[in-house]
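Just so you know, the sequences run in chain order H and X. Here the first sequence is numbered in my numbering, starting from 1 and rising by one per residue. Here the second sequence is numbered in my numbering, starting from 1 and rising by one per residue.
Bear in mind the hints are in silico, worked out from the structure with no lab data behind them.
Derived BS3-like pairs (lysine-lysine); straight-line CA-CA distance at most 25 Å:
#, chain 1, residue 1, chain 2, residue 2
1, X, K55, H, K290
2, H, K68, X, K55
3, H, K290, X, K83
4, H, K290, X, K148
5, H, K68, H, K290
Bear in mind the structure is a predicted one, so any value in this text is a computation, not a measurement.
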Amino acid sequence: MAGEKSVETTGLLGWIDRRFPLTATYKAHLSEYYAPKNFNFWYFFGSLALLVLVLQIVTGIFLVMHYKPDAQFAFQSVEYIMREVPGGWFIRYMHSTGASMFFVVVYLHMVRALIYGSYRKPRELIWIFGVAIFLCLMAEAFFGYLLPWGQMSFWGAQVIVNLFSAIPFIGPELSIWIRGDYVVSDATLNRFFAFHVIAIPLVLIGLVAAHLVALHEVGSNNPDGIDIKAKKDKYGRPLDGIPFHPFYTVHDILGVAGFMIIFMAIVFFAPEMGGYFLEYNNFIPADPLKTPPHIAPVWYFTPFYSMLRATTDDFTWVLAGAAVVAALVMFFKCKGAAKLIVPVVLLVVAVLLRLIDAKFWGVVAMGGAVVLLFFLPWLDYSPVRSIRYRPGWHKWLYGIFFVNFIVLGYLGTQAPTDTFNLMSQIGTLIYLAFFLLMPVWSRLGTFKPVPDRVTFHAH
Amino acid sequence: MSQDTIVHDDEGAVPPTLPPDPSRRFWIGTTCAVGGAAGVAVAVPFVSTFQPSEKARAAGAPVEVDISTIPPGEMRTVEWRGKPVWILRRTKEQLATLNVTTPELADPNSKRPGYTPPYAQNEWRSRKPDIFVCVGICTHLGCAPTPKFQMGAQPSLPNNWEGGFLCPCHGSTFDIAGRVFKNKPAPDNLEVPPYSYLSDTRIIIGVDEDNKA
Numbered sequence: 001m002a003g004e005k006s007v008e009t010t011g012l013l014g015w016i017d018r019r020f021p022l023t024a025t026y027k028a029h030l031s032e033y034y035a036p037k038n039f040n041f042w043y044f045f046g047s048l049a050l051l052v053l054v055l056q057i058v059t060g061i062f063l064v065m066h067y068k069p070d071a072q073f074a075f076q077s078v079e080y081i082m083r084e085v086p087g088g089w090f091i092r093y094m095h096s097t098g099a100s101m102f103f104v105v106v107y108l109h110m111v112r113a114l115i116y117g118s119y120r121k122p123r124e125l126i127w128i129f130g131v132a133i134f135l136c137l138m139a140e141a142f143f144g145y146l147l148p149w150g151q152m153s154f155w156g157a158q159v160i161v162n163l164f165s166a167i168p169f170i171g172p173e174l175s176i177w178i179r180g181d182y183v184v185s186d187a188t189l190n191r192f193f194a195f196h197v198i199a200i201p202l203v204l205i206g207l208v209a210a211h212l213v214a215l216h217e218v219g220s221n222n223p224d225g226i227d228i229k230a231k232k233d234k235y236g237r238p239l240d241g242i243p244f245h246p247f248y249t250v251h252d253i254l255g256v257a258g259f260m261i262i263f264m265a266i267v268f269f270a271p272e273m274g275g276y277f278l279e280y281n282n283f284i285p286a287d288p289l290k291t292p293p294h295i296a297p298v299w300y301f302t303p304f305y306s307m308l309r310a311t312t313d314d315f316t317w318v319l320a321g322a323a324v325v326a327a328l329v330m331f332f333k334c335k336g337a338a339k340l341i342v343p344v345v346l347l348v349v350a351v352l353l354r355l356i357d358a359k360f361w362g363v364v365a366m367g368g369a370v371v372l373l374f375f376l377p378w379l380d381y382s383p384v385r386s387i388r389y390r391p392g393w394h395k396w397l398y399g400i401f402f403v404n405f406i407v408l409g410y411l412g413t414q415a416p417t418d419t420f421n422l423m424s425q426i427g428t429l430i431y432l433a434f435f436l437l438m439p440v441w442s443r444l445g446t447f448k449p450v451p452d453r454v455t456f457h458a459h
Numbered sequence: 001m002s003q004d005t006i007v008h009d010d011e012g013a014v015p016p017t018l019p020p021d022p023s024r025r026f027w028i029g030t031t032c033a034v035g036g037a038a039g040v041a042v043a044v045p046f047v048s049t050f051q052p053s054e055k056a057r058a059a060g061a062p063v064e065v066d067i068s069t070i071p072p073g074e075m076r077t078v079e080w081r082g083k084p085v086w087i088l089r090r091t092k093e094q095l096a097t098l099n100v101t102t103p104e105l106a107d108p109n110s111k112r113p114g115y116t117p118p119y120a121q122n123e124w125r126s127r128k129p130d131i132f133v134c135v136g137i138c139t140h141l142g143c144a145p146t147p148k149f150q151m152g153a154q155p156s157l158p159n160n161w162e163g164g165f166l167c168p169c170h171g172s173t174f175d176i177a178g179r180v181f182k183n184k185p186a187p188d189n190l191e192v193p194p195y196s197y198l199s200d201t202r203i204i205i206g207v208d209e210d211n212k213a
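Produce the complete structure using the sequences and hints provided.
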């Protein structure tokens with residue numbers, strides 16, 4: 001018999017620790033995980049996202065017990081949950097509110113990462129896992145929205161699945177393959193159900209684990225964007241770090257309390273949120289022969305949806321023009337092999353922009369707007385991480401970016417008009433320029449000196 | 001026995017720095033290639049389950065419609081392969097607008113492939129001028145456009161509107177022959193399905209010279 005591992009703990013805990021790294025894991029991730037002491041309210045949203053994930057899984061499990069994934073019965077079974085299952089309305093409204101609040105929390109979590117430079121080296125992988133989580137969340141929300149089989153469920157799915165038909169050559173076959181029928185039908189509902197309740201959640205949980213493991217490997221960033229591991233005490237602990245438990249568990253409980261007040265207020269008093277969380281048209285059963293007069297995705301997709309709508313035939317001229325200008329600039333600025341390759345690629349893109357239908361480029365703009373986020377760590381050349389030590393006009397740029405994103409979101413909920421379309425086109429250009437020109441603007445201006453130690457005022 | 005105590009009594013122990021046995025390389029490669037091919041082959045049945053089932057394929061039967069009961073200027077919607085198909089009897093005034101809208105259209109002669117059968121590649125986009133048959137699904141992203149037959153300025157429509165269809169989702173507009181206007185999200189004219197006349201008053205949707213029932 002091999003000897004047992006020697007551990008400090010005794011009794012039952014010791015017995016476990018000799019077989020499973022329980023105490024070691026607890027220490028590594030909680031009691032001896034040192035987080036910077038200057039976290040502010042922006043740091044609530046990570047733990048809140050985890051809370052909402054748990055809430056969605058638990059309420060989801062209970063909904064599945066009563067829901068029927070069948071085009072004949074789906075709509076009725078949701079109404080049955082709402083009216084006849086004891087407490088069913090509460091579970092369902094928690095789930096539907098949870099979906100929207102998940103995006104509220106995740107968007108704010110991403111704003112935090114943007115303004116404090118949390119995606120910068122060495123946290124690139126945390127950011128990449130995070131963007132992958134965001135993508136999964138979008139897929140999860142999209143698949144889930146079909147399940148109540150209302151008018152908006154049906155036509156929303158119809159529009160999004162048809163996005164794939166814009167891909168040249170394979171598109172039409174691909175969209176039939178995704179639907180499993182020539183139109184959105186029972187086959188589509190069944191597979192979306194499978195994706196929503198098992199496939200995507202499994203991937204999501206795996207990614208969340210990877211996100212946390214990567215975070216705990218390199219340590220948390222902080223509002224000052226400086227490295228707390230540079231200054232350590234004689235025991236090797238960061239001078240500006242405090243153990244996650246109990247300090248940040250208690251801090252996060254405060255966040256949870258505040259969040260749950262808002263969350264439950266929505267569940268009890270405004271579960272539809274004026275048509276933003278649950279669209280009115282979705283209280284009408286799906287009718288494949290009649291499109292509702294105005295269809296719009298749920299609010300969390302609308303900024304990207306606006307970019308889709310903005311890409312008309314005229315707009316591809318603007319994009320092609322931008323690609324040509326970029327090609328010229330790259331030709332004069334780049335050195336070596338890139339001097340030829342980059343401009344040639346850009347010129348080919350410019351030509352394709354005019355050769356392939358605008359419909360396809362709308363899909364590319366929408367998908368590209370999310371995919372662009374993956375590259376953020378390599379677009380930002382600013383010498384400091386945090387917005388606190390950047391030039392004043394950088395703050396304005398970030399402000400414009402956030403306002404622009406909200407405006408795009410609003411435009412996406414509205415019926416298309418010429419003025420709104422022009423606004424979405426300008427908004428799309430601002431969004432793309434913010435990221436694509438970041439390698440240029442992020443290094444310009446006078447940066448403020450970064451402190452050695454974090455800025456912290458005891459309460 | 002702890003890992004870090006050196007084992008002396010095992011003459012067969014190899015140092016951890018020893019590179020992999022080159023004579024095994026070929027077999028490692030072969031195993032990976034064959035295993036990988038098997039893995040890909042296993043994916044085929046899984047991927048194929050996503051295709052439309054035999055039941056869904058069979059549901060695409062042709063539909064017969066009596067058009068004698070459609071008065072001029074009225075439209076009827078029938079379901080074919082789960083899609084709405086519009087049958088519109090156009091008035092003389094409506095047919096006259098087709099020449100007016102031509103300069104503002106993206107593809108006035110329906111030259112782009114895949115949406116207009118040869119017998120509908122004419123100025124009315126139909127076999128007979130008055131009866132217009134098309135699939136009521138926007139060629140952009142598959143919404144059902146709304147009939148807007150009334151002429152003149154209206155919300156979401158241009159001031160010189162001649163009557164036609166408006167897609168509520170992304171604002172594409174089509175004229176009374178389902179031809180898409182320029183610079184709209186929809187790239188193509190509304191699809192004209194295969195159809196033929198059984199008699200002067202009956203048409204069948206899903207059947208024409210190239211598509212037998």
